[in-house]
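All chains should be modelled from the sequences, with the hints used to inform the complete structure.
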Amino acid sequence: MNRDAFLAGLRDITPMMIAYAPIALLWGTIAAGSGLSPFQAWLMSAFVYSGAAQFVSMDLIKSGTPLLLLIFAIATISLRHVLMSASVSRHIGSIPKGKAMLLLFWLTDEAWALIERRALHQPISAAYFAGVAIPLWFVWFSFCAIGTQLGSALGDTTRYGLDFAFAAMFIAVLAGFWKGTRTALVLATSAAVAVAAKLYIPGAWYIILGGIAGMLVAVAGHIEEPSSHDT
Amino acid sequence: MTPDGWFIYIAILGMGLATYATRLAGYVLLNGKHISGRFKTALEAVPPAILTAVIAPTVFLQGPAEMISGGITLGAAVMKLPLLVTIGIGVASVALLRTFV
Chain W
1 MNRDAFLAGL RDITPMMIAY APIALLWGTI AAGSGLSPFQ AWLMSAFVYS GAAQFVSMDL
61 IKSGTPLLLL IFAIATISLR HVLMSASVSR HIGSIPKGKA MLLLFWLTDE AWALIERRAL
121 HQPISAAYFA GVAIPLWFVW FSFCAIGTQL GSALGDTTRY GLDFAFAAMF IAVLAGFWKG
181 TRTALVLATS AAVAVAAKLY IPGAWYIILG GIAGMLVAVA GHIEEPSSHD T
Chain L
1 MTPDGWFIYI AILGMGLATY ATRLAGYVLL NGKHISGRFK TALEAVPPAI LTAVIAPTVF
61 LQGPAEMISG GITLGAAVMK LPLLVTIGIG VASVALLRTF V
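Going down the list, the sequences are from chains W and L. Using this note's numbering, the first residue of the first sequence is number 1, and each one after it goes up by one. Using this note's numbering, the first residue of the second sequence is number 1, and each one after it goes up by one.
By construction, these hints were calculated from the structure, which means they are not laboratory data. Be a bit skeptical, because a hint or two may be false.
Derived Cβ-Cβ restraints for the label pairs, each shown as a range [unchecked claim]:
#, chain 1, residue 1, chain 2, residue 2, range
1, W, Gly-221, L, Met-79, 33 to 41 Å
2, L, Lys-40, W, Phe-105, 21 to 29 Å
3, L, Ala-92, W, Ser-63, 33 to 41 Å
4, W, Leu-150, L, Val-28, 38 to 46 Å
5, W, Gln-149, L, Ile-35, 45 to 53 Å
6, W, Ala-220, L, Thr-99, 40 to 48 Å
With a cut-off of at most 25 Å between alpha-carbon atoms, the simulated PhoX-like pairs for lysine-lysine come out as follows [what the hints assert, rightly or not]:
#, chain 1, residue 1, chain 2, residue 2
7, L, Lys-80, W, Lys-99
8, L, Lys-33, W, Lys-99
9, L, Lys-80, W, Lys-179
10, W, Lys-97, L, Lys-33
11, W, Lys-97, L, Lys-40
Okay, the calculated bits of chain L under chain W, using three or more residues with CB under 8 Å as the criterion [to be verified]:
#, stretch
12, 22-29
13, 32-46
14, 56-66
15, 81-93
Virtual Cβ for every residue (Gly too), placed ideally from N, Cα, C.
Written out as structure tokens, the structure reads:
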């Protein structure tokens, strides 16, 4: 049973593991170019474990950003995880607190999306969480470290379209949340605000702004349920 | 400019703690709490709203290849094809369209 749930998670995350290997290699080459040793690149990938944060941090470190500003910038980029963590908390109530807090270390955009997808139809066990979240970590830090040794041998990775795998997976997961016109309003608002923010506000604010805008629209359309006894 | 070793190690520690804190925050705030009413509606909107916000710039701002592939992928997803197949269709279509469009 545990093993089946772990394997189900592993199966769900496998396409992302394939897609993330070249992105990790690319980050490794940039890290080496920014002056990180292979060990430092490995350590950062294992401990920070966030593509968005790591790519931005290389720019910031290279341009001599002070330490506190660097950490603050990384925290703002990661703000989306607060909402993902809040959302996922609805599905992992049966996992003991200590174990859940450990598993949340491996909460990535990818693992989160797949957990939300599964939670539409069945409960989330610690085994599934581990299966969907931890294998990608090994792929990520291994290929990040290998990337530091590649130099510019990698060439143009967008040629294979693998950079689109992440967007494709999110679109696939998104389709499962369709509940009619009210969803359409949420999606249209989130998309419009995210695109506008991406165009006009520097940094990674577009995710959190688009997300909150969509949530506000959902709340505006909220209809009080007649019974307050349900859970 | 090559950064000092100590700077990198402290940066890794600080960045790691910052990202882990964001990953814990939502859970720590809400775990075990009874959620209802407007707040429940807001939380239920997190997955579609955040999923959309993450991909919207990729789909709408990068170019025609990404926009068309986004539509093709959505079509595959609506047809309830398996996840791996849907992702494969998205990746293949963007690779082809970038070559020919």
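Quick rundown of the hints versus the structure:
1. W/Gly-221 to L/Met-79: 33 to 41 Å: Given about 28 Å between the Cβ atoms, the range is violated.
2. L/Lys-40 to W/Phe-105: 21 to 29 Å: Holds - the Cβ-Cβ distance for L/Lys-40 and W/Phe-105, about 27 Å, lies within 21 to 29 Å.
3. L/Ala-92 to W/Ser-63: 33 to 41 Å: 37 Å, holds
4. W/Leu-150 to L/Val-28: 38 to 46 Å: 39 Å, holds
5. W/Gln-149 to L/Ile-35: 45 to 53 Å: Holds - the Cβ-Cβ distance for W/Gln-149 and L/Ile-35, about 48 Å, lies within 45 to 53 Å.
6. W/Ala-220 to L/Thr-99: 40 to 48 Å: 44 Å, holds
7. L/Lys-80 to W/Lys-99: With Cα atoms ~33 Å apart, L/Lys-80 and W/Lys-99 exceed 25 Å; violated.
8. L/Lys-33 to W/Lys-99: Roughly 18 Å separates the two Cα atoms, so the pair holds.
9. L/Lys-80 to W/Lys-179: Holds: L/Lys-80 and W/Lys-179 sit about 15 Å apart, inside 25 Å.
10. W/Lys-97 to L/Lys-33: 13 Å, holds
11. W/Lys-97 to L/Lys-40: Within the cut-off at roughly 21 Å; holds.
12. 22-29: holds (count 8)
13. 32-46: With 12 residues close enough to chain W, the hint holds.
14. 56-66: Per the Cβ count (7), the hint holds.
15. 81-93: Result for this restraint: holds, n = 10.
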